[in-house]
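S.K.: Below are the chains, spelled out letter by letter.
Protein chains: 2
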Amino acid sequence: MLGITKARGAVLIDEEGREYIDAIASWYTAMYGHCNPDITGPVANQMSQLDQVIFSGLTHEPAIALSEALMKVLPSNQEKLFFSDNGSTAVEIGIKMALQYFYNKGQKRNVMLAFEDGFHGDTFGAMSVSGLSSYNGPFEDHFIQVERIEVPTENNVDKILSGLKTRLQQENIAGFVYEPLVQGAAAMKMHKPEHLNRILELLKSHSVLTIADEVMTGFGKTGSYFASDQLSIKPDIICLSKALTAGLLPMAITSCSKEIYDAFYDDEIAKGFFHGHTYTANPLACTAALSALNLLQTEAMQNNISRITSRHQQFNETIKNHPKVSETRQIGVIFALDLKIEMSRYGTLRDRLYDHFMENGVFLRPLGKTIYILPPYVISDAQLDKVYKAVSGALDLDL
Amino acid sequence: MLGITKARGAVLIDEEGREYIDAIASWYTAMYGHCNPDITGPVANQMSQLDQVIFSGLTHEPAIALSEALMKVLPSNQEKLFFSDNGSTAVEIGIKMALQYFYNKGQKRNVMLAFEDGFHGDTFGAMSVSGLSSYNGPFEDHFIQVERIEVPTENNVDKILSGLKTRLQQENIAGFVYEPLVQGAAAMKMHKPEHLNRILELLKSHSVLTIADEVMTGFGKTGSYFASDQLSIKPDIICLSKALTAGLLPMAITSCSKEIYDAFYDDEIAKGFFHGHTYTANPLACTAALSALNLLQTEAMQNNISRITSRHQQFNETIKNHPKVSETRQIGVIFALDLKIEMSRYGTLRDRLYDHFMENGVFLRPLGKTIYILPPYVISDAQLDKVYKAVSGALDLDL
Numbered sequence: 005m006l007g008i009t010k011a012r013g014a015v016l017i018d019e020e021g022r023e024y025i026d027a028i029a030s031w032y033t034a035m036y037g038h039c040n041p042d043i044t045g046p047v048a049n050q051m052s053q054l055d056q057v058i059f060s061g062l063t064h065e066p067a068i069a070l071s072e073a074l075m076k077v078l079p080s081n082q083e084k085l086f087f088s089d090n091g092s093t094a095v096e097i098g099i100k101m102a103l104q105y106f107y108n109k110g111q112k113r114n115v116m117l118a119f120e121d122g123f124h125g126d127t128f129g130a131m132s133v134s135g136l137s138s139y140n141g142p143f144e145d146h147f148i149q150v151e152r153i154e155v156p157t158e159n160n161v162d163k164i165l166s167g168l169k170t171r172l173q174q175e176n177i178a179g180f181v182y183e184p185l186v187q188g189a190a191a192m193k194m195h196k197p198e199h200l201n202r203i204l205e206l207l208k209s210h211s212v213l214t215i216a217d218e219v220m221t222g223f224g225k226t227g228s229y230f231a232s233d234q235l236s237i238k239p240d241i242i243c244l245s246k247a248l249t250a251g252l253l254p255m256a257i258t259s260c261s262k263e264i265y266d267a268f269y270d271d272e273i274a275k276g277f278f279h280g281h282t283y284t285a286n287p288l289a290c291t292a293a294l295s296a297l298n299l300l301q302t303e304a305m306q307n308n309i310s311r312i313t314s315r316h317q318q319f320n321e322t323i324k325n326h327p328k329v330s331e332t333r334q335i336g337v338i339f340a341l342d343l344k345i346e347m348s349r350y351g352t353l354r355d356r357l358y359d360h361f362m363e364n365g366v367f368l369r370p371l372g373k374t375i376y377i378l379p380p381y382v383i384s385d386a387q388l389d390k391v392y393k394a395v396s397g398a399l400d401l402d403l
Numbered sequence: 005m006l007g008i009t010k011a012r013g014a015v016l017i018d019e020e021g022r023e024y025i026d027a028i029a030s031w032y033t034a035m036y037g038h039c040n041p042d043i044t045g046p047v048a049n050q051m052s053q054l055d056q057v058i059f060s061g062l063t064h065e066p067a068i069a070l071s072e073a074l075m076k077v078l079p080s081n082q083e084k085l086f087f088s089d090n091g092s093t094a095v096e097i098g099i100k101m102a103l104q105y106f107y108n109k110g111q112k113r114n115v116m117l118a119f120e121d122g123f124h125g126d127t128f129g130a131m132s133v134s135g136l137s138s139y140n141g142p143f144e145d146h147f148i149q150v151e152r153i154e155v156p157t158e159n160n161v162d163k164i165l166s167g168l169k170t171r172l173q174q175e176n177i178a179g180f181v182y183e184p185l186v187q188g189a190a191a192m193k194m195h196k197p198e199h200l201n202r203i204l205e206l207l208k209s210h211s212v213l214t215i216a217d218e219v220m221t222g223f224g225k226t227g228s229y230f231a232s233d234q235l236s237i238k239p240d241i242i243c244l245s246k247a248l249t250a251g252l253l254p255m256a257i258t259s260c261s262k263e264i265y266d267a268f269y270d271d272e273i274a275k276g277f278f279h280g281h282t283y284t285a286n287p288l289a290c291t292a293a294l295s296a297l298n299l300l301q302t303e304a305m306q307n308n309i310s311r312i313t314s315r316h317q318q319f320n321e322t323i324k325n326h327p328k329v330s331e332t333r334q335i336g337v338i339f340a341l342d343l344k345i346e347m348s349r350y351g352t353l354r355d356r357l358y359d360h361f362m363e364n365g366v367f368l369r370p371l372g373k374t375i376y377i378l379p380p381y382v383i384s385d386a387q388l389d390k391v392y393k394a395v396s397g398a399l400d401l402d403l
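In order, the protein sequence lines correspond to chains A and B.
Going left to right, the first sequence walks through residues 5 to 403 as the numbering used here numbers them.
Going left to right, the second sequence walks through residues 5 to 403 as the numbering used here numbers them.
The list cannot tell twin chains apart, which means a pair is met if one copy fits it or any two copies do.
Below, simulated DMTMM-like cross-link-like pairs (lysine to aspartate or glutamate); rule was C-alpha separation at most 25 Å, straight line: (1) Lys275 - Asp355; (2) Lys10 - Asp42; (3) Lys10 - Asp389; (4) Lys275 - Glu120; (5) Lys10 - Glu65.
Keep in mind that the hints were calculated from the coordinates and are not lab data.
Please build the complete structure, drawing on both the sequences and the hints.
M.R.: Next up, the structure:
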């Protein structure tokens, strides 16, 4: 395994001093560049003042300041924030909110709806082995039932809607979890806002709670602060992580509307929402997130996003008709290209592509036959050229 | 809610400059004291070099150095480490290892065993709503079935063992998850090593994998590096978090024996162990953990642990026969006292106790009728006296 010793801006540096452009921003986290002093400076300062304190009964300025700043950019129906540690737990909280919302209202809704090929995290069981019923009340005795719908396209959206209409006559679906506009782990599959809007509208009319998993899409990657900004139907719950803390350390946030929050606010303790990790709202992570949010809103960073978006569009024109390319797609700073080739998700072909990119000083992680670019916003034009050249070069390989 | 602005050593400081002794070390994390320069210094330095990089295909010195240092102190049968972000995910990984271990061997074992009143985290569903079957193979189609056994005492251990012997004739139990010696969230309930040993021995003889959840007990709190050090039967899997990173930022580790690891090492990709969070093995968290582990092994810190242990023992002698005390218990730096009173877990009496402690400059969080102390190792004798005085004073309240 290759040892990385340093990182600066859009570049990773290995033990031999070789440089690699981090063209996927360390899994879409380090969007403002690695070791950015605008992030690390405030965190170092915070570390000398207050490293960590229990976020229950106590609070602290970094959490308050971040919450206020985040509320200003989130869709306006979002009113409350719950902190956790990673995207998986952010989604856990969203699911638990949806299930408990109906449980508290005395309605039996225990089915979750999700897209085929969605990816929302790796966790599923810690709670089930815990035996303290005061925490598990609304959830014990049943695993989540999950039903899936196809991702909408021009061709299938009417069929999806008519299937859903029939299904919704049975009023037991609590919530719908979806990655809006782009499904990351499914190899940057994209769908159109107008199609997703129609699905969300139908679900809302049947009181199904909508949970936008913006762990990957959040914080500018699709061109807007959140992918949900490009949809007319706003989610009830939003899950955030990854770029939230600018690639410095883990944290996640699940936001929700007032209506959801109010369902947990009750004199009856059992109706409260119990979910807390030890480092919840860690002051260092909150400081990193606040610094990142400030950077995101600068004209310079917004210009970077526009610049990368338009460069991606230009690159797309040069490559989309290549005989070895079966499809390209792009939104904001996310560009993806499918090779016209049969490949398994994990296999030697994928490894050959990976090696090709590394040899050319570019860190990219193809997902099966999909090559995608999701660079830090601070990547320079020259660095982008190097990435594009490596991608074009991959098409000349004898795969 | 009270705003905390600073923390130093064993002390939290609020907006008005009032000081509170953090007598539970911010949920058992800040054991080496808040804002300890021996921890924050190396982390600040790391933050200027390499903040974050994908831990898949790439590696970095902080992760390597931490792994080597941790292997030296973990029980000798532990050989491999898996990183994640918090205690819940560390346990998720342990459970998934146990289930997949048997799945890979072609044995159908899908039941987990756990103690009554155990607490192992808050997560349960992100994976179930994910639709990428390449990740979920061994787990989909069934929620974890969990069966519970009583926590052993002198009186029930024989009954537990004979019940288990009958139960184990059906060979479908994959693993046993337990908090060794102390159950934290269950109000610091304690059990004896010899009783737990007998249970573990029986389970091992039936090839049930043993998963020690040392998230709370790890890193010196019970007087040994790990509670499992006081047991003759070593766990197959160990879950670590909380004090791992010295109260600076979230990270978790699940360690396992070579036998477990080997079951995932196969040419067949589907037998691999898939669980990765974005910030897995975050370099800052690894640096904090390595610095903490170095501190834990110093004579000064070991002397602190012995000092607190013996002071707890002395305090116990003065209070255990108090008419308002129904039981006291102690192991290492953990001291707990049950009030002879009927109280609900959450209620006004608990709030009165909490307020009493805060008014006396001590941050303690009673769990129902249990008052417990779990101070940072760096707490001074004078600070400990103040904590003991506040606890004794609580007995004079008209509850």
